[in-house]
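In order, the protein sequences belong to chains P and R. When we follow my numbering, the leftmost residue of the first sequence carries the number 1, and every step to the right adds one. When we follow my numbering, the leftmost residue of the second sequence carries the number 1, and every step to the right adds one.
Source of the hints: derived by calculation from the structure; they are not laboratory data. Each residue gets a CB set at the ideal place from its N, CA and C atoms; glycine is no exception. Watch out, some of these pointers could steer you wrong.
Stated by the list, open to error - On the chain P side, residues computed to face chain R include the following (Cβ under 10 Å): (1) N68; (2) A78; (3) S186; (4) G189; (5) S195; (6) K223; (7) Y325; (8) N345.
Stated by the list, open to error - Output of the computed footprint for chain P on chain R, the stretches with three or more beta carbons under 8 Å from beta carbons of chain P: (9) 42-53; (10) 403-409.
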Amino acid sequence: MKIANKKVTAERLVKDALAKAKHFEDYNIFTYLNEEGALKKAREIDARIAKGEEVGRLAGVPYALKDNFLSPEGETTAAAHILEGFTSPITATAVKKLEDEGAIMIGRVNMDAFAHGSSTENSYFGPTLNSHDKKRVSGGSSGGSAVAVALDIVEFATGTDTGGSIRQPASFNGVYGLKPTYGCISRYGVVAMASSTDCIGFFTKTPEDMDLLMSIASGKDTKDLTTLDDYYNNSKATKAQKVGIIKDFDNDSVDKEIRRALKHKCELLKSKGYEIVELEMPALKYALAAYYIIVPAEVTSNLSRYDGVRYGFRSDDSVNLDELYSHTRDEGFMPENKRRIMIGNFVLSSGFYDAYFLKAAKARTLIVEEYAKAFSKCNFILTPVAPNPAFKLGEKVNDPVAMYLEDVMSVPLNLAGVPGLTIPAGKTDAGLPIGLQLVGPRRSDKSLIEFSKELAE
Amino acid sequence: MKYVSTIGIECHVQLKTKTKLFSEVDNDARGKEPNSCVSPVDYALPGMLPRLNGEAIRMAILAGRAMNCEINPESRFDRKHYFYPDSPKGYQITQFYQPIIGAGYVELPSGTKVRIEHAHLEGDAGKLTHFDSYSLVDLNRVDTPLIEIVSMPDIHSAKDAHDYCKELWRLMRFANVTYGDLYNGNMRFDVNISLAPEDSQELGTRAEVKNLNSFRSVERAVEYEIKRQTKLLEAGKKVVQETRGWSDDTGETTGQRSKEEAKDYRYMPEPDLPPVRLSTEFIEAESAKLPLMPADYRQKFKDVIADEILEILLDYPELASKLGEIDQKYVKNIANLFTSVLLAEEKSAEYLNTLPTANDLNELAEMNSKKELSSTATKEVFLRLFDPQMKGHGTRQIAKELGVIQENDLGALEKIVNTVLAKPETQKAQSDFKAGEEKVIGFLVGQVMKESHGKANPSAVQEILRKKLS
Numbered sequence: 001m002k003i004a005n006k007k008v009t010a011e012r013l014v015k016d017a018l019a020k021a022k023h024f025e026d027y028n029i030f031t032y033l034n035e036e037g038a039l040k041k042a043r044e045i046d047a048r049i050a051k052g053e054e055v056g057r058l059a060g061v062p063y064a065l066k067d068n069f070l071s072p073e074g075e076t077t078a079a080a081h082i083l084e085g086f087t088s089p090i091t092a093t094a095v096k097k098l099e100d101e102g103a104i105m106i107g108r109v110n111m112d113a114f115a116h117g118s119s120t121e122n123s124y125f126g127p128t129l130n131s132h133d134k135k136r137v138s139g140g141s142s143g144g145s146a147v148a149v150a151l152d153i154v155e156f157a158t159g160t161d162t163g164g165s166i167r168q169p170a171s172f173n174g175v176y177g178l179k180p181t182y183g184c185i186s187r188y189g190v191v192a193m194a195s196s197t198d199c200i201g202f203f204t205k206t207p208e209d210m211d212l213l214m215s216i217a218s219g220k221d222t223k224d225l226t227t228l229d230d231y232y233n234n235s236k237a238t239k240a241q242k243v244g245i246i247k248d249f250d251n252d253s254v255d256k257e258i259r260r261a262l263k264h265k266c267e268l269l270k271s272k273g274y275e276i277v278e279l280e281m282p283a284l285k286y287a288l289a290a291y292y293i294i295v296p297a298e299v300t301s302n303l304s305r306y307d308g309v310r311y312g313f314r315s316d317d318s319v320n321l322d323e324l325y326s327h328t329r330d331e332g333f334m335p336e337n338k339r340r341i342m343i344g345n346f347v348l349s350s351g352f353y354d355a356y357f358l359k360a361a362k363a364r365t366l367i368v369e370e371y372a373k374a375f376s377k378c379n380f381i382l383t384p385v386a387p388n389p390a391f392k393l394g395e396k397v398n399d400p401v402a403m404y405l406e407d408v409m410s411v412p413l414n415l416a417g418v419p420g421l422t423i424p425a426g427k428t429d430a431g432l433p434i435g436l437q438l439v440g441p442r443r444s445d446k447s448l449i450e451f452s453k454e455l456a457e
Numbered sequence: 001m002k003y004v005s006t007i008g009i010e011c012h013v014q015l016k017t018k019t020k021l022f023s024e025v026d027n028d029a030r031g032k033e034p035n036s037c038v039s040p041v042d043y044a045l046p047g048m049l050p051r052l053n054g055e056a057i058r059m060a061i062l063a064g065r066a067m068n069c070e071i072n073p074e075s076r077f078d079r080k081h082y083f084y085p086d087s088p089k090g091y092q093i094t095q096f097y098q099p100i101i102g103a104g105y106v107e108l109p110s111g112t113k114v115r116i117e118h119a120h121l122e123g124d125a126g127k128l129t130h131f132d133s134y135s136l137v138d139l140n141r142v143d144t145p146l147i148e149i150v151s152m153p154d155i156h157s158a159k160d161a162h163d164y165c166k167e168l169w170r171l172m173r174f175a176n177v178t179y180g181d182l183y184n185g186n187m188r189f190d191v192n193i194s195l196a197p198e199d200s201q202e203l204g205t206r207a208e209v210k211n212l213n214s215f216r217s218v219e220r221a222v223e224y225e226i227k228r229q230t231k232l233l234e235a236g237k238k239v240v241q242e243t244r245g246w247s248d249d250t251g252e253t254t255g256q257r258s259k260e261e262a263k264d265y266r267y268m269p270e271p272d273l274p275p276v277r278l279s280t281e282f283i284e285a286e287s288a289k290l291p292l293m294p295a296d297y298r299q300k301f302k303d304v305i306a307d308e309i310l311e312i313l314l315d316y317p318e319l320a321s322k323l324g325e326i327d328q329k330y331v332k333n334i335a336n337l338f339t340s341v342l343l344a345e346e347k348s349a350e351y352l353n354t355l356p357t358a359n360d361l362n363e364l365a366e367m368n369s370k371k372e373l374s375s376t377a378t379k380e381v382f383l384r385l386f387d388p389q390m391k392g393h394g395t396r397q398i399a400k401e402l403g404v405i406q407e408n409d410l411g412a413l414e415k416i417v418n419t420v421l422a423k424p425e426t427q428k429a430q431s432d433f434k435a436g437e438e439k440v441i442g443f444l445v446g447q448v449m450k451e452s453h454g455k456a457n458p459s460a461v462q463e464i465l466r467k468k469l470s
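Produce the complete structure using the sequences and hints provided.
Structure (structure tokens):
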């Protein structure tokens with residue numbers, strides 16, 4: 001990525017990024033453009049460069065911030081009506097780490113409200129359009145982030161991945177997207193979707209950029225007790241020999257061209273001397289069902305704080321407390337938010353907890369074990385990210401089950417906490433990007449990024 | 001028919017940790033502005049995550065050990081969901097499935113044992129003040145650490161209910177985990193009461209009286225409920241399972257709307273907090289820090305201090321602990337000074353913060369036993385020992401400054417007696433005494449006391465006088 005120095009000023013980089021952002025306005029990428037703030041920071045960095053001061057590894061690098069990261073710049077709304085008007089007094093740990101290295105946020109980007117969705121059509125601000133075909137979805141929930149990087153507006157963008165929200169839009173737009181190991185990057189200051197599966201990650205144009213961002217953002221945070229020790233910078237990329245492919249994912253429900261792309265990459269690996277291992281992972285068939293029980297339960301819980309009492313949107317026409325709650329939440333949440341709130345409340349209800357939540361938690365344990373078994377047979381697993389390339393706007397938004405099926409190959413990783421990296425793998429005949437997903441054991445993030453270079457062409 | 005009452009009690013204890021249970025903000029909101037002790041975590045801003053206060057874990061261990069409870073090596077937190085403005089997160093973080101404190105028991109002064117089912121850690125809720133058309137929310141109390149102590153239904157009388165609550169209060173104060181200020185809600189009691197025929201194997205339907213904040217109201221509420229339920233049962237009616245509120249003014253419980261009972265808290269494991277795992281070594285090391293408990297003091301002082309006096313002292317951990325340092329032979333004397341002099345003082349609560357050293361108290365008792373101080377002088381010097389300005393002066397020094405040390409030197413006393421007997425104004429009394437008028441001895445002792453400026457030991461003086469005049 002381009003980093004500001006004595007020849008290329010931060011101001012130049014930021015102005016270019018802002019100009020591109022405006023040029024691509026019709027894609028509906030940004031929910032807030034940080035013109036003044038970004039330029040001010042750029043000039044400060046340039047002044048420091050002129051004085052010969054140390055300015056950090058991301059000096060003057062323009063980036064896009066998914067709208068669910070808290071920072072005092074612009075309103076943090078998670079693209080949800082109910083957070084309208086909320087300006088955060090807090091800066092998320094991940095944002096702070098990036099900015100301490102000189103990165104400059106040029107704008108907040110669009111997403112499915114509260115990250116519920118796989119197309120960015122559930123945004124209060126309307127959908128973000130696909131970078132390669134404006135009639136198609138950008139993917140989601142981090143659609144704005146993926147398109148901002150794919151259209152080369154910014155060098156990188158932040159994302160969150162609860163069930164595929166980084167990897168799927170990355171594949172729909174032909175960029176790299178990493179969901180790290182659970183607990184690798186602090187969740188402090190990021191609007192929670194599902195605490196036990198939420199991961200902070202990035203969209204980049206190269207594996208090298210991904211490695212740099214990971215080395216900056218990862219690490220233990222006393223404000224997030226679920227963060228792991230600082231393993232990323234202490235780990236070395238291990239040499240891979242065997243790559244697994246999952247037999248069950250190779251069927252007619254997956255798009256022909258995606259299967260062809262996967263075969264092609266396998267041939268490439270073989271030609272480089274790697275062994276391809278066929279894996280059977282039967283427990284993964286429970287992943288989608290378990291995911292759509294555990295995640296809505298946590299979603300219900302995490303969305304309970306949005307009640308119109310302390311911040312954000314509050315409905316006007318309420319005569320008592322019950323109405324204040326029900327009107328605010330009725331008007332403030334999107335239909336998909338409400339759907340998940342209802343599912344979550346159902347599975348947590350007394351009498352149903354054992355039958356649903358507890359059973360799903362057990363299935364989750366089986367999935368964790370399934371991955372451990374698989375990684376005893378291979379170093380990494382290569383699979384499709386989603387069953388299809390970017391679909392048309394409106395095609396699935398009214399069919400929740402079809403939309404949830406989008407996640408069938410991405411959610412198992414979140415349940416197991418293992419890292420997954422979307423790599424660009426060519427295009428369909430119609431010119432739509434295809435992405436494949438490289439999966440590794442927990443804490444193998446660095447090796448995963450390094451190995452992805454072998455798959456580049 | 002005769003009915004037996006069965007009572008179970010849940011007690012909430014606010015822990016006096018420095019910071020809140022899940023954030024680093026001040027936990028002591030006494031005398032502070034509303035909403036001034038609130039962190040972004042307590043306020044439930046988006047994206048905020050709970051941290052866990054290690055001091056609360058340590059205090060929970062002490063509280064548990066004070067009740068002879070097992071400490072569970074692994075415990076977890078869960079979310080309990082409900083919507084109300086006193087709960088900014090929309091859920092309370094509690095321990096529903098795996099509490100930190102396991103089974104144990106509390107022994108009442110009467111000897112009755114009440115088993116503890118378990119006790120768990122949780123965050124307190126905020127406070128609402130209601131007005132005609134609006135309500136004010138104060139979040140200072142949000143996520144103050146609480147332990148909720150759940151008893152087994154081992155209590156069968158209003159008196160035992162009272163004594164159990166009071167003993168819990170003592171245990172928590174002796175363990176030094178709470179301020180124990182009942183008036184300000186540091187401890188709150190929910191009492192379950194049911195009645196069953198004497199020969200019945202099963203418990204009756206229970207009513208729960210919530211949010212009682214004094215031992216007396218616990219006792220009165222139980223008495224009232226026993227009467228109310230007996231009346232219902234004797235009339236062939238049924239007791240409704242419900243939550244009832246208590247009014248100190250009317251002395252009655254009243255049913256609260258049953259809407260609350262339909263509540264489903266949708267418990268869920270707290271995904272933001274990893275399980276709390278405590279090593280055996282850690283639990284033992286922390287448990288070892290538990291000071292002596294009321295039961296230990298009862299054992300220690302049972303032959304020295306009268307039961308009534310000891311039970312009074314056990315309301316004051318500071319006094320019990322101080323007595324523990326006192327020379328065994330002076331314990332009784334000092335205990336009496338504590339109960340009859342110190343606690344009778346109007347400002348006794350303040351005095352508790354400036355207790356004299358054991359050395360000073362031992363010396364005081366010694367001087368008293370050697371008759372260097374009269375009982376009046378002893379009380380006077382005793383109270384002076386609490387005066388912060390007198391700190392470090394030492395008992396003898398203070399007694400000297402007050403001029404109250406009695407003259408016990410018989411030689412010196414005899415000289416004074418001789419002086420007095422030589423005075424013309426005492427001649428008549430001397431001859432009256434010799435003539436058998438016993439009571440004039442008082443006048444003569446008084447004259448000697450006056451001559452000695454009050455320092456003579458009056459009983460020694462009387463002895464010398466009697467010898468001389470016989």
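Violated hints - listed by number, lowest first: 10
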